[in-house]
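Sequences are here, hints too, so could you generate the full structure?
Using this note's numbering, the first residue of the sequence shown is number 1, and each one after it goes up by one.
Hints were generated in silico from the structure; no laboratory data involved. Errors might be hidden in some of the hints.
Claimed, not checked - Okay, derived cross-link-like pairs now, DSSO-like style, lysine-lysine, Cα gap no bigger than 30 Å in a straight line:
(1) K96 / K132
(2) K142 / K33
(3) K117 / K33
(4) K96 / K23
Predicted, not measured: the structure shown is a model, and the values here were computed from it.
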Amino acid sequence: MGAAESVPETSIHEFTVKDCNGKEVNLETYKGKVLLVVNVASKCGFTETNYTQLTELYQKYRDKDFEILAFPCNQFLRQEPGTPEQIKDFACTRFKAEYPVFQKVRVNGPDAAPVYKFLKASKPGLFGSRIKWNFTKFLVDKNGKVIDRYATSTAPMSIEVPLPPSLPLSLSCLFIYCVCLNLQKDIQKALEE
Numbered sequence: 001m002g003a004a005e006s007v008p009e010t011s012i013h014e015f016t017v018k019d020c021n022g023k024e025v026n027l028e029t030y031k032g033k034v035l036l037v038v039n040v041a042s043k044c045g046f047t048e049t050n051y052t053q054l055t056e057l058y059q060k061y062r063d064k065d066f067e068i069l070a071f072p073c074n075q076f077l078r079q080e081p082g083t084p085e086q087i088k089d090f091a092c093t094r095f096k097a098e099y100p101v102f103q104k105v106r107v108n109g110p111d112a113a114p115v116y117k118f119l120k121a122s123k124p125g126l127f128g129s130r131i132k133w134n135f136t137k138f139l140v141d142k143n144g145k146v147i148d149r150y151a152t153s154t155a156p157m158s159i160e161v162p163l164p165p166s167l168p169l170s171l172s173c174l175f176i177y178c179v180c181l182n183l184q185k186d187i188q189k190a191l192e193e
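Okay, structure coming up:
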């Protein structure tokens, strides 16, 4: 039932994908940025909310080393039937998407895109690794490691984007930040025991 597939890659930055024009994009380009990777569809009941909030989230964090990577997928009731041009036009015109929209991919099965095999292996879902529906979201840290996975029903604006503190920090603020961070780690460790 959707067991996580083992993959040799350890970072999303090890993958090359194709943009909506068919041009290869090395995801190493996004090294140093927090990423939200989303499988999108234009004819889904979740389209309006997700695309609208993805644009809002992007506007909020785009200047803070954050990027959204949208991967159209037609695997769920064929809700993304358009051509690459139609998909990009839909996202960019109707929802003012300024983040990259890539070529249509498969997210499940033997023909799943390698980047999605990596995402699912890194962070399986509640009932296995399969993507359950459109607009499943993966949050990836600046080093390319998957840190969280969100279901379709999770509104993009409810996702906490982990951003580094603004610089420059005073030494006292940095000290307080480090103390709080260590305290948070200690609490997490205690909860896991």
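Hint-by-hint comparison with the structure:
Restraint check: the Cα-Cα separation between K96 and K132 comes to about 26 Å, which is no more than 30 Å; the hinted pair holds. For the suggested pair K142 and K33, the alpha carbons sit about 4 Å apart, so the restraint of at most 30 Å is met. With a C-alpha separation of about 21 Å, the suggested pairing of K117 with K33 holds against the 30 Å cut-off. Annotation: proposed proximity of K96 to K23 holds, straight-line Cα distance about 22 Å (limit 30 Å).
Taken one by one, the earlier hints all hold for this structure without exception.
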